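Enquirer: Below, each chain spelled out in residue letters.
2 protein chains.
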Amino acid sequence: MTRPQQTISEKTIERLSVYRRYLKELQKQGKERVYSHELSKLVSGTPAQVRRDLMPVGGNGCSSKGYEVNLLIEEIAKLLDCNDKQNIALIGAGNLGRALLGYLSGSRDNYDIVALFDNDPEKYGRVICGKRCYCIDQLAEKIKEYKITTAILAVPGEAAEATAEILIGTGIKAILNFAPKHITTSSTVFIETLDITKALEKAIYFSRKNT
Amino acid sequence: MTRPQQTISEKTIERLSVYRRYLKELQKQGKERVYSHELSKLVSGTPAQVRRDLMPVGGNGCSSKGYEVNLLIEEIAKLLDCNDKQNIALIGAGNLGRALLGYLSGSRDNYDIVALFDNDPEKYGRVICGKRCYCIDQLAEKIKEYKITTAILAVPGEAAEATAEILIGTGIKAILNFAPKHITTSSTVFIETLDITKALEKAIYFSRKNT
DNA sequence: CTAAAGTTGTGAAATCTTGCACAGCGTGAT
DNA sequence: ATCACGCTGTGCAAGATTTCACAACTTTAG
Ligand SMILES: NC(=O)c1ccc[n+]([C@@H]2O[C@H](COP(=O)([O-])OP(=O)(O)OC[C@H]3O[C@@H](n4cnc5c(N)ncnc54)[C@H](O)[C@@H]3O)[C@@H](O)[C@H]2O)c1
Ligand SMILES: NC(=O)c1ccc[n+]([C@@H]2O[C@H](COP(=O)([O-])OP(=O)(O)OC[C@H]3O[C@@H](n4cnc5c(N)ncnc54)[C@H](O)[C@@H]3O)[C@@H](O)[C@H]2O)c1
Numbered sequence: 004m005t006r007p008q009q010t011i012s013e014k015t016i017e018r019l020s021v022y023r024r025y026l027k028e029l030q031k032q033g034k035e036r037v038y039s040h041e042l043s044k045l046v047s048g049t050p051a052q053v054r055r056d057l058m059p060v061g062g063n064g065c066s067s068k069g070y071e072v073n074l075l076i077e078e079i080a081k082l083l084d085c086n087d088k089q090n091i092a093l094i095g096a097g098n099l100g101r102a103l104l105g106y107l108s109g110s111r112d113n114y115d116i117v118a119l120f121d122n123d124p125e126k127y128g129r130v131i132c133g134k135r136c137y138c139i140d141q142l143a144e145k146i147k148e149y150k151i152t153t154a155i156l157a158v159p160g161e162a163a164e165a166t167a168e169i170l171i172g173t174g175i176k177a178i179l180n181f182a183p184k185h186i187t188t189s190s191t192v193f194i195e196t197l198d199i200t201k202a203l204e205k206a207i208y209f210s211r212k213n214t
Numbered sequence: 004m005t006r007p008q009q010t011i012s013e014k015t016i017e018r019l020s021v022y023r024r025y026l027k028e029l030q031k032q033g034k035e036r037v038y039s040h041e042l043s044k045l046v047s048g049t050p051a052q053v054r055r056d057l058m059p060v061g062g063n064g065c066s067s068k069g070y071e072v073n074l075l076i077e078e079i080a081k082l083l084d085c086n087d088k089q090n091i092a093l094i095g096a097g098n099l100g101r102a103l104l105g106y107l108s109g110s111r112d113n114y115d116i117v118a119l120f121d122n123d124p125e126k127y128g129r130v131i132c133g134k135r136c137y138c139i140d141q142l143a144e145k146i147k148e149y150k151i152t153t154a155i156l157a158v159p160g161e162a163a164e165a166t167a168e169i170l171i172g173t174g175i176k177a178i179l180n181f182a183p184k185h186i187t188t189s190s191t192v193f194i195e196t197l198d199i200t201k202a203l204e205k206a207i208y209f210s211r212k213n214t
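Residue numbers (the working numbering), protein chains in the order written: chain D, 4 to 214; chain B, 4 to 214.
In case anyone wonders, no lab produced these hints; they're calculated from the structure.
Hints may be right or wrong, so weigh each one.
Identical copies look the same in the list; a pair holds intra-copy or inter-copy alike.
[What the hints assert, rightly or not] DSS-like mimics (lysine-lysine), calculated; alpha carbons at most 30 Å apart, straight line:
1) Lys145 / Lys81
2) Lys27 / Lys88
3) Lys44 / Lys14
4) Lys81 / Lys212
5) Lys44 / Lys126
6) Lys212 / Lys14
7) Lys34 / Lys14
8) Lys212 / Lys145
9) Lys212 / Lys150
10) Lys212 / Lys27
11) Lys134 / Lys212
12) Lys147 / Lys88
13) Lys31 / Lys88
14) Lys145 / Lys27
15) Lys81 / Lys134
16) Lys212 / Lys147
17) Lys134 / Lys34
18) Lys145 / Lys126
19) Lys134 / Lys31
20) Lys212 / Lys88
21) Lys68 / Lys145
If you're wondering where the values come from, they're calculated on a predicted model, not measured in any experiment.
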């Protein structure tokens with residue numbers, strides 16, 4: 004019985020990532036099984052949504068006993084990570100870039116920041132948080148060398164589009180962008196922009212609307 | 004003719020924030036009018052969506068001449084900011100917190116981080132990036148004093164839920180949360196969680212799915 | 001063994017969001 | 001003055017996502 008493998012929505016992928024994080028916590032606590040309604044509370048969803056999200060990961064999930072935590076983590080990993088550690092590049096070793104580096108350098112077993120890039124001679128050539136920082140000119144070369152498929156873009160807004168173009172040119176497949184710029188491309192590269200200002204302005208707006 | 008003022012969706016609010024940012028750039032460039040199809044390109048949407056988003060901001064928008072940039076910025080500001088500068092608190096002056104502080108301390112005219120809070124004696128009592136850092140124990144007191152309605156939460160995951168509870172207790176109205184924890188509450192406080200790991204795992208997943 | 005309680009997987013309904021398409025209008029050309 | 005063009009505002013359809021609701025199954029108790 005092979006998986007139907009119809010495309011999975013972005014939202015479902017996001018929630019699977021979140022479920023997995025909680026599942027790992029449960030695993031640490033020694034919990035062996037979990038019900039959809041437990042997961043749903045951790046995430047403000049409904050049990051039905053959790054069950055639907057879990058459908059494409061493969062049907063372990065046993066009536067009346069719920070899901071087996073270990074197995075579920077494994078199956079989600081198969082789907083999200085393809086059992087394959089991904090090499091990531093971080094472009095822009097500024098304030099945000101270094102914070103991210105510290106945050107993401109911890110014990111992640113499914114991806115790893117393997118190279119930094121910057122155009123500031125003060126920064127490239129050094130090792131920051133245990134990772135080598137290269138000159139931005141070496142981007143294409145190093146991305147090939149390290150087999151990097153995903154990049155985190157943390158350069159100033161003015162440089163974001165041009166840098167993204169270069170990245171796309173190197174054959175990279177996805178970009179997580181922190182610059183407050185929408186990056187347009189005709190290629191099929193997946194671009195996710197995390198727009199902090201947008202999130203804050205939204206919070207401010209709704210701070211006035213609630214009750 | 005008063006605005007219908009039916010509730011505006013979260014997605015529309017987010018896009019309005021983004022439109023405004025681009026409009027301000029256009030303004031700087033001296034552009035006076037803009038068409039929905041121009042805005043839509045900057046954001047990968049359709050012109051129809053832009054027009055629909057702009058409907059609740061009040062109908063300036065003139066056939067054949069498009070929207071007047073200055074006016075549109077003003078109208079969006081009325082909606083998003085209520086012509087009112089918001090005071091924001093930043094909880095957790097760690098790596099991310101300080102990066103955010105630097106980023107958000109620039110020339111924002113609609114909100115301002117006015118106070119920091121931390122539980123580390125090394126940090127509170129000081130002035131960081133021009134803002135005073137208080138001990139977390141003074142949270143309630145200072146939030147009242149500064150009339151703060153929105154908080155940015157950048158404390159470690161373990162402390163996030165407890166800190167959010169305290170925040171909610173102070174009567175705050177919205178929280179922008181960076182900790183990788185879902186914050187559950189029965190109150191009507193608006194909570195937006197910006198989950199960076201989730202975004203990265205999503206990017207990694209789609210890096211493999213595209214073409 | 002049977003029944004009760006509680007859970008999964010999923011079709012179908014409900015809701016939310018986006019895109020189409022066109023009436024109506026302002027503009028500029030003829 | 002008239003007309004063609006291109007844009008806005010919006011009813012409505014299409015699409016996407018969430019929720020409901022129930023059959024099927026497992027476990028536990030009697
Ligand atoms: N700091 C934050 O908390 C924060 C929050 C939200 C968004 N952002 C966005 O993230 C980006 C980075 O912010 P930051 O605060 O780290 O800025 P920063 O100025 O501290 O760092 C930017 C880094 O990029 C490098 N750089 C500049 N141009 C480059 C280029 N062409 N190629 C390679 N490297 C280049 C600089 O040398 C510097 O090291 C900006 O777009 C900013 O808008 C930052
Ligand atoms: N650094 C990043 O780029 C990054 C990215 C994504 C998410 N996050 C999340 O953001 C949060 C902060 O990350 P960070 O890298 O800045 O961590 P950090 O350890 O550098 O900073 C945390 C700060 O919070 C303070 N703190 C701890 N407990 C507190 C409490 N109970 N009350 C008040 N202050 C308290 C600490 O003293 C410290 O200053 C974490 O939840 C982390 O998971 C960070």
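Enquirer: Each hint: holds or not?
Expert: Against the structure, the hints:
1. In this homomeric assembly, lysine 145 and lysine 81 come within 30 Å of each other (Cα to Cα) only inside a single copy, at 27 Å, whereas the closest approach across copies is 48 Å.
2. With identical chains, the CA atoms of lysine 27 and lysine 88 are at most 30 Å apart within one copy only, with a shortest distance of 18 Å there and 41 Å across copies.
3. In this assembly of identical chains, lysine 44 and lysine 14 lie within 30 Å of each other by CA distance both inside one copy and across copies; the values are 17 Å within and 23 Å between.
4. Proximity of lysine 81 to lysine 212 under the C-alpha cut-off of 30 Å is restricted to the inter-copy arrangement: shortest distance 14 Å between copies versus 42 Å within a copy.
5. Taking the shortest alpha-carbon separations for lysine 44 and lysine 126, neither the intra-copy value of 44 Å nor the inter-copy value of 35 Å comes in at or below 30 Å.
6. Proximity of lysine 212 and lysine 14 under a CA criterion of 30 Å is satisfied in both settings, with 25 Å inside one chain copy and 15 Å between copies.
7. In the homo-oligomer, the alpha carbons of lysine 34 and lysine 14 lie at most 30 Å apart inside one protomer (26 Å), although the nearest pairing across protomers, at 37 Å, exceeds that limit.
8. For a Cα distance limit of 30 Å, the shortest separation of lysine 212 from lysine 145 across copies, 23 Å, qualifies, whereas the shortest one inside one copy, 49 Å, does not.
9. Proximity of lysine 212 and lysine 150 under a CA criterion of 30 Å is satisfied inter-copy only: 17 Å between copies versus 47 Å inside one chain copy.
10. Proximity of lysine 212 to lysine 27 under the C-alpha cut-off of 30 Å is restricted to the inter-copy arrangement: shortest distance 25 Å between copies versus 36 Å within a copy.
11. For the identical chains of this complex, lysine 134 and lysine 212 are inter-copy neighbours only, at 28 Å across copies versus 45 Å inside a copy, given an alpha-carbon limit of 30 Å.
12. In the homo-oligomer, the alpha carbons of lysine 147 and lysine 88 lie at most 30 Å apart inside one protomer (16 Å), although the nearest pairing across protomers, at 48 Å, exceeds that limit.
13. Only within a single protomer do lysine 31 and lysine 88 lie at most 30 Å apart by alpha-carbon distance; the minimum there is 22 Å, versus 44 Å between protomers.
14. Taking the shortest Cα distances, lysine 145 and lysine 27 never come within 30 Å of each other, neither inside one copy (33 Å) nor across copies (37 Å).
15. For the homomeric pair lysine 81 and lysine 134, the shortest alpha-carbon distance inside one copy (27 Å) is at most 30 Å, but the shortest distance between copies (46 Å) is not.
16. Taking the shortest alpha-carbon separations for lysine 212 and lysine 147, only the inter-copy value of 19 Å comes in at or below 30 Å, while the best intra-copy value is 49 Å.
17. Proximity of lysine 134 and lysine 34 under a CA criterion of 30 Å is satisfied in neither setting, with 36 Å inside one chain copy and 44 Å between copies.
18. For a Cα distance limit of 30 Å, the shortest separation of lysine 145 from lysine 126 inside one copy, 17 Å, qualifies, whereas the shortest one across copies, 39 Å, does not.
19. Taking the closest pair of Cα atoms, lysine 134 and lysine 31 come within 30 Å of each other only inside a single copy of the chain (29 Å); across copies the shortest separation is 39 Å, beyond that limit.
20. For the identical chains of this complex, lysine 212 and lysine 88 are inter-copy neighbours only, at 16 Å across copies versus 44 Å inside a copy, given an alpha-carbon limit of 30 Å.
21. For the identical chains of this complex, lysine 68 and lysine 145 are neighbours neither inside a copy (49 Å) nor across copies (49 Å), given an alpha-carbon limit of 30 Å.
Comparing the model with each earlier hint shows violations of hints 5, 14, 17 and 21; every other hint is respected.
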